[in-house]
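A.B. asks: Residue strings, one per chain:
There are 2 protein chains.
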Amino acid sequence: MSEDPARDGNGGRPGEFDLIKTYFAPLAGDPGSLGLTDDAAVLTPVPGSDLVLTKDVLAADRHFFADDPPEAIAAKALRVNLSDLAAKGASPRGYLLGLALPQDWTEDWLVRFTRGLAADQAAYDITLLGGDTICSGDGLQISITAIGEVPNGKAVRRSGAKPGDILFITGTVGDAAAGLKVLLDKSFSAESGLSLHDERHVIDRYLLPRPRMALTGALRARATAALDVSDGLIADAGHMAVASGVDLVIDLARVPVSPALRQLRANSPKAFAACLNGGDDYEILSFVPADQADGFVAEAARAGCPVTPIGRAEQGSGAVRFENADELSGHLQGPGFRHF
Amino acid sequence: MSEDPARDGNGGRPGEFDLIKTYFAPLAGDPGSLGLTDDAAVLTPVPGSDLVLTKDVLAADRHFFADDPPEAIAAKALRVNLSDLAAKGASPRGYLLGLALPQDWTEDWLVRFTRGLAADQAAYDITLLGGDTICSGDGLQISITAIGEVPNGKAVRRSGAKPGDILFITGTVGDAAAGLKVLLDKSFSAESGLSLHDERHVIDRYLLPRPRMALTGALRARATAALDVSDGLIADAGHMAVASGVDLVIDLARVPVSPALRQLRANSPKAFAACLNGGDDYEILSFVPADQADGFVAEAARAGCPVTPIGRAEQGSGAVRFENADELSGHLQGPGFRHF
Chain A
1 MSEDPARDGN GGRPGEFDLI KTYFAPLAGD PGSLGLTDDA AVLTPVPGSD
51 LVLTKDVLAA DRHFFADDPP EAIAAKALRV NLSDLAAKGA SPRGYLLGLA
101 LPQDWTEDWL VRFTRGLAAD QAAYDITLLG GDTICSGDGL QISITAIGEV
151 PNGKAVRRSG AKPGDILFIT GTVGDAAAGL KVLLDKSFSA ESGLSLHDER
201 HVIDRYLLPR PRMALTGALR ARATAALDVS DGLIADAGHM AVASGVDLVI
251 DLARVPVSPA LRQLRANSPK AFAACLNGGD DYEILSFVPA DQADGFVAEA
301 ARAGCPVTPI GRAEQGSGAV RFENADELSG HLQGPGFRHF
Chain B
1 MSEDPARDGN GGRPGEFDLI KTYFAPLAGD PGSLGLTDDA AVLTPVPGSD
51 LVLTKDVLAA DRHFFADDPP EAIAAKALRV NLSDLAAKGA SPRGYLLGLA
101 LPQDWTEDWL VRFTRGLAAD QAAYDITLLG GDTICSGDGL QISITAIGEV
151 PNGKAVRRSG AKPGDILFIT GTVGDAAAGL KVLLDKSFSA ESGLSLHDER
201 HVIDRYLLPR PRMALTGALR ARATAALDVS DGLIADAGHM AVASGVDLVI
251 DLARVPVSPA LRQLRANSPK AFAACLNGGD DYEILSFVPA DQADGFVAEA
301 ARAGCPVTPI GRAEQGSGAV RFENADELSG HLQGPGFRHF
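Residue numbers (full-length UniProt numbering), protein chains in the order written: chain A, 1 to 340; chain B, 1 to 340.
This is chain A alone, in the form it adopts within the complex:
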């Protein structure tokens, strides 16, 4: 009874115990994972810390394409969760992986998928704590629960913005949505005047979110509210305005965009507006008190994370208004990308 089950009835592919031993156990560096040999992981929290817990479920042909590179699927599944931790000011501690493989999974696919996880574990200082693998008969689904740590009471929420606070965004927005359009519509690039270089840039932004872990310290120290942009810049800004009970003014002339998106804005304001609120950016929107804004910018710069002020909170109850909408007026409706 002590042997692992043979590769029987499984098309020559390894069974669950073999999968764990060969592919997942090497990802489980934290002693709390118990080497994935037990029913559960056992985590000793750092004294004085809170745990931040987030969970995202990704399904093939809904959140990624089934034939995307397995490394990229693994990275996306992990990174969308890491991005939530970053926005809450939390440092990654570990994650649990729920993997529902399709009937026709191959060992080569799994080698590449776990290689993608290993690369990101090293890049983001997080390891596998546990999980479950099934073969579902349906399309690939990945459910990750990520766990972060933050000093007691220091998690940054959506709800702390005050009138007068400055709204910041990291990086640039709209690229990922443009990348999805390029992938879905072969005529989009030509119609929008995107160069091959632009195309590559926006597709890469769609495939591979870059969670802004470098900003967690500055957020913890100075932000009154924050979230990561997954539903769309305006939709997510609205979520914070509602949660904080403030109105929000966004200066559209200040929203930072890539050269590709500038090109798009010039050629098709409507498509540009859709991308601006298209979601999947995984940049961080945050509110910072006005007297802390310079310090926040300096601290972010030291961390290597570009931030741009794009608006402010005002007395109100959750409305979002725009300045310098110009040719985008009338195109900025809609609730952003609906993941559901």
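Bear in mind the hints are in silico, worked out from the structure with no lab data behind them.
Wrong hints could be hidden among the right ones.
Any copy, or any two copies together, can satisfy a pair, since identical chains are not distinguished.
In the DSSO-like style, the derived pairs of lysine-lysine whose C-alpha atoms are separated by at most 30 Å in a straight line are [stated by the list, open to error]:
#1 K270 x K186
#2 K21 x K162
#3 K181 x K270
#4 K162 x K181
#5 K21 x K154
#6 K154 x K270
#7 K186 x K21
#8 K162 x K186
Put chain B on the given structure of chain A with help from the hints.
C.D. replies: Relative to chain A, chain B alone:
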């Protein structure tokens, strides 16, 4: 931008924000859930405690039938995770729910599913901390990450059994596997001599695991190793023997079974043996030092959890041997139920 998205493009069904507000937020009693209005949950661990983390993914027509009562599906998904916590000696703290709905989900189904969660939350003193809901285009899948607490260093593992320790099992084993056989094979009951009452009993055991939360205190105080039986009595006993580096002797005359399974043993030793190692029992197998065995039995009885000694650990390296196999000899091969 502050409105929830309307019920557009969704066949008149609520969108994700409405689902959260109407169905999931009422399940989120812990303040750490932030009312499900943020990107993540924030949990303040009880000082001096470890967290126990477990994750099980369940798929329609793989771990349950798609047309099972929604309340039962909810209960099963939550309870298989609770059972892992119980076996580690952990008290439930909260859970995250990943729900991938099929395209044809109905609001009525969701009402009943969340009602099932609510009932179990009350029964097992656990609340929803967060999660994610998607509509996948595939069959229903449920991924739950459950979080338990245990005093520092007191989590019970698979690996602590010593030669001389007594092997205990809670309740009875084999019923759930018999229930699955009844559901899959219409001639099984008649061939096995099961009465209508027997049928109902075993089907109920298959549909609704009863995690043995009552035993957590006794396990923490006295067990050297424990796990819950999901793969099958003998397979899971073997896992503990391997992890602990001991041999294991199981006295098959002492393994507690229900009247339905006694009937099955009399009529079909082969089918009985298959059920005994069929899995999905969610009873707890544990090792207890011989000098603690009486105390363990008494403490379990006070907690209302029946335990039966069925074997012992011996010097060795992971082998499982049987006493009183009798007519079951030759039928006790195989690795147990393969969830994968």
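A.B. asks: Please flag the earlier hints that this structure goes against, numbers listed from lowest up.
C.D. replies: 4, 6, 7, 8
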